[in-house]
Amino acid sequence: MKRISRGLTAVLLFGLIFFSFALAEGAGRIGLILATGGLGDKSFNDISYAGALKAKEELGVELDYVEPKAIAEYEGYQRDFASSGDYEIIVCVGFDQADALNKIAQEFPNQKFAIVDMVVNQPNVASLLFKANEGGFLLGVEAAYMTKTKKIGIVGGMDIPLIRDFFIGFEEGVKWANTGATVLPTVYVGGWADPTKGKELALSLIDQGCDVIWAAAGKSGLGALEAAKERGVFAMGVDACQCYLGNHIFASMTKRVDVAVYETIKAAFAGTFQGGIFEKGIAEGWIGNCRIPDEQPLWEERFGFTHTVEIPKEVMDKVLEAKGKVASGEIKVPRPPEFQ
Amino acid sequence: MLRRARRFLEFPFLPEVVAILTAFLLGLLVLFFTGYPPLRAFSALFRGAFGSRNAFGQTLTQATPILFTSLSFLLSFRAGIFNIGIEGQLLMGAFVAALLGTMIRSLPLPLHLPLALLGGGLGGALWALIPALIKTYLGAHEVITTMMMSYIASYLTSYFVNYPFKAPGWVAQTNPVQPTALLPRILPPTQLSLAFPLALVFSVLVFYFLFRTYLGFQVRAVGLNPEVAENRGISVASRQILAFLLSGFVAGIGGAGEVLGVHGKFVDGFSPGYGWDGIAVSLVGRLHPLGCILASLLFGMLRAGGMTMARVTKVPLDLSLIIQALVILLIAAPRLIRIFILRKRGL
Chain L
955 MKRISRGLTA
965 VLLFGLIFFS
975 FALAEGAGRI
985 GLILATGGLG
995 DKSFNDISYA
1005 GALKAKEELG
1015 VELDYVEPKA
1025 IAEYEGYQRD
1035 FASSGDYEII
1045 VCVGFDQADA
1055 LNKIAQEFPN
1065 QKFAIVDMVV
1075 NQPNVASLLF
1085 KANEGGFLLG
1095 VEAAYMTKTK
1105 KIGIVGGMDI
1115 PLIRDFFIGF
1125 EEGVKWANTG
1135 ATVLPTVYVG
1145 GWADPTKGKE
1155 LALSLIDQGC
1165 DVIWAAAGKS
1175 GLGALEAAKE
1185 RGVFAMGVDA
1195 CQCYLGNHIF
1205 ASMTKRVDVA
1215 VYETIKAAFA
1225 GTFQGGIFEK
1235 GIAEGWIGNC
1245 RIPDEQPLWE
1255 ERFGFTHTVE
1265 IPKEVMDKVL
1275 EAKGKVASGE
1285 IKVPRPPEFQ
Chain X
579 MLRRARRFLE
589 FPFLPEVVAI
599 LTAFLLGLLV
609 LFFTGYPPLR
619 AFSALFRGAF
629 GSRNAFGQTL
639 TQATPILFTS
649 LSFLLSFRAG
659 IFNIGIEGQL
669 LMGAFVAALL
679 GTMIRSLPLP
689 LHLPLALLGG
699 GLGGALWALI
709 PALIKTYLGA
719 HEVITTMMMS
729 YIASYLTSYF
739 VNYPFKAPGW
749 VAQTNPVQPT
759 ALLPRILPPT
769 QLSLAFPLAL
779 VFSVLVFYFL
789 FRTYLGFQVR
799 AVGLNPEVAE
809 NRGISVASRQ
819 ILAFLLSGFV
829 AGIGGAGEVL
839 GVHGKFVDGF
849 SPGYGWDGIA
859 VSLVGRLHPL
869 GCILASLLFG
879 MLRAGGMTMA
889 RVTKVPLDLS
899 LIIQALVILL
909 IAAPRLIRIF
919 ILRKRGL
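For the protein sequence lines, the chains are L and X, in the order given.
Per this note's numbering, the first sequence starts with residue 955, numbered consecutively.
Per this note's numbering, the second sequence starts with residue 579, numbered consecutively.
With the rest of the complex left out, here is chain L (with noise of 0.2 Å):
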């Protein structure tokens, strides 16, 4: 009796994992790791899911994705997916996977990858990374006329080039518009996760007379739109359209992560994908800023809210002047050294 229950469970087992292999999904989807911090960040995750999720549905293929919840977990499911061959390109959200995927890259060669927001030197990765200079630009023009005491104040999450980008576009932008506004020099918090201390660094601003303030800082920029309220100043959100976090918030400088994700996506099933670095700006559509009509009601509708500062026809004129040189190239919004 013992032998056969044995011989009987030993059975059903392996009967379960043949089941199960039987059972294998097909090729041709789309993977998508996000970042840690997951689906509902109405920021980068949201909106690369969104983008990937127009594409399933244009292309018609399944979409599988994943939430890692530590930076850990990256490799791990990183090499789920692409050990899988069931995914016609695999794409990882954010900065911190790149370590993970300059490995897991080189181990299936014949894996297509993506990445947001990073460079992952390997030849079967294509790197999506956004000209943020050219976003700064356009909000420095609105910023420039919506600014009553001429003085705006911007802070930053670390004084890195990464961040020194969105900076040096944003001043250019206001010395475009010529409105006799100035940029105050920019604060630095130090940190991604401190808000505050962004709190702190944007009310010194505040002090000092500015009546707009900029933060491309991470959840430390929080801090600095909050600051904003509390004094009843204007204030500019980052990345995504974060005016939904309050009425002082008037525009947002917008990556438009769905759009690079999207094509992205279409390109490996088109077969047109290259691995390589994809530097996209205002004139491809990777960088935009949401208070231009033809994005506007997109983020509306995406975060379920309605813009309520108005912004004169006059100063959107201009700001839509401003996009369109610096698409055609004739304004060439600087870098700081370290991109070029």
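Careful, some of the hints might be misleading.
With a straight-line Cα cutoff of 20 Å, these simulated EDC-like cross-link-like pairs (lysine to aspartate or glutamate) come out [stated by the list, open to error]:
1) K996(L) with E1249(L)
2) K892(X) with D1000(L)
3) K1279(L) with E1238(L)
4) K1102(L) with D1161(L)
5) K1173(L) with D1113(L)
6) K744(X) with D1113(L)
7) K892(X) with E1284(L)
8) K1129(L) with E1011(L)
9) K1023(L) with D896(X)
10) K1279(L) with E1254(L)
11) K1057(L) with E1012(L)
12) K1129(L) with E1284(L)
13) K892(X) with D1040(L)
14) K1286(L) with E1184(L)
15) K713(X) with E808(X)
16) K1183(L) with E1264(L)
17) K1173(L) with E1042(L)
18) K1220(L) with E1011(L)
19) K1234(L) with E1255(L)
20) K892(X) with E1042(L)
21) K1151(L) with D1161(L)
22) K1173(L) with D846(X)
23) K1173(L) with E1154(L)
24) K1023(L) with E805(X)
25) K744(X) with D1148(L)
26) K1220(L) with E1012(L)
27) K892(X) with E1029(L)
28) K1151(L) with E1184(L)
29) K1267(L) with D1248(L)
30) K892(X) with E1016(L)
31) K1008(L) with D1161(L)
32) K1105(L) with E1125(L)
33) K1272(L) with E1249(L)
34) K1010(L) with D1040(L)
35) K996(L) with E1275(L)
36) K892(X) with E1011(L)
The following label-pair restraints were derived from C-beta to C-beta distances [claimed, not checked]:
37) S1282(L) with Y729(X): 53 to 59 Å
38) T1136(L) with G747(X): 29 to 35 Å
39) G1258(L) with G717(X): 55 to 61 Å
Note that these hints are calculated values from the structure, not bench results.
Ideal placement from N, C-alpha and C gives every residue a C-beta, glycine not left out.
Given chain L, work out where chain X should sit, using these hints.
Using the frame of chain L, we list chain X on its own:
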């Protein structure tokens, strides 16, 4: 027939097997009622755990740290100590190993690797020594102190890798460990390293120590009945401190194994709670080193398979954690099952 039935009921691991099967069955029901395809999900779970060389490697990789932590818990529990601060000891061990691995340069592998591992073990042991001394000399119960020490370790290591020992870049982690301190990978390209066989060796060592040495016997005697042990001339305090140190040492080696074998650096938050899992795995493994091996394999399988399940069916990873929790719940009550069986047999 009756005799056969009785023999079946006396199958020594019956409660565990019943518990595991019941847990899977309940898991299927949960899947069904939450609207996921149960069979597809389970097939993905098995495929992710055994379906390929990669899956198999993933299962063993996931089993490794929890085998270490379950041995750690076992060592303390057998001495009558409830060390629930294994997570902290693992983190401190991991951090010390990462420091030794990154800072020492130009040392040959046969020296560097053992040094980093040993350092990890000592880091864990020292972190366990604090609650051990507090218990012995101040009488504070270890359940409180070890848990508190765990939180301290978690925030302390997080601070270290966010500030003084942070590698350049955006991620809170240390610099990569020197190649001479890395545990060799044994099933490329998977993350499975020499840490797994090392964990098996430690299982045997723990078994030998507890059941084949006089000192181990004393430790167990203290755990079974401290008064009797004391009367027999065994120093309860010193044996409990010893058990604490050994427990912390094994936990620290487990952490070092993760750093030197899997990640190659200390990444903030690399442990999803291996220390806490160890407690459960140890109980499921009936507080025996060999049981710990089997139980940690089961949990490794659930973790590895859970990843594939999450990918293929969008069933959240939490669901495979629910199955784990069910296994624990059902096995924490094997006594009840036994009593029930005995009653049925009219004994």
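K1220(L) and E1012(L): Cα distance at most 20 Å?
9 Å, holds
Next pair to validate is K892(X) with D1000(L); report whether the Cα-Cα distance is within 20 Å.
Holds - the C-alpha atoms of D1000(L) and K892(X) are around 16 Å apart, at most 20 Å.
Just to be careful, I want the Cα atoms of K1173(L) and E1042(L) compared with a cutoff of 20 Å; is the pair within it?
34 Å, violated
Holds or violated: K1286(L) and E1184(L), Cα atoms, limit 20 Å.
Distance ~37 Å between K1286(L) and E1184(L) Cα, so the pair is violated.
Quick one, are K1183(L) and E1264(L) close enough, alpha carbons at most 20 Å?
17 Å, holds
Pairwise hint evaluation, E1012(L) against K1057(L), where the allowed Cα distance is 20 Å at most:
31 Å, violated
Hinted pair K744(X) and D1113(L), Cα distance within 20 Å
Between K744(X) and D1113(L) the Cα gap is close to 16 Å, so the pair holds against 20 Å.
T1136(L) and G747(X), beta-carbon distance inside 29 to 35 Å?
33 Å, holds
Is it true that the CA of K892(X) sits at most 20 Å from the CA of D1040(L)?
Between K892(X) and D1040(L) the Cα gap is close to 15 Å, so the pair holds against 20 Å.
Does the alpha-carbon distance linking K1272(L) and E1249(L) stay inside the 20 Å limit?
It holds: about 17 Å lies between the C-alpha atoms, which stays within 20 Å.
Confirm or reject the claim that S1282(L) and Y729(X) have a C-beta distance inside 53 to 59 Å.
57 Å, holds
Within 20 Å, alpha carbon to alpha carbon, are K1151(L) and D1161(L)?
Judged against 20 Å, a Cα distance of about 15 Å means the pair holds.
Violated hints for the displayed structure, listed by number in ascending order: 7, 8, 10, 11, 14, 17, 19, 24, 31 and 35.
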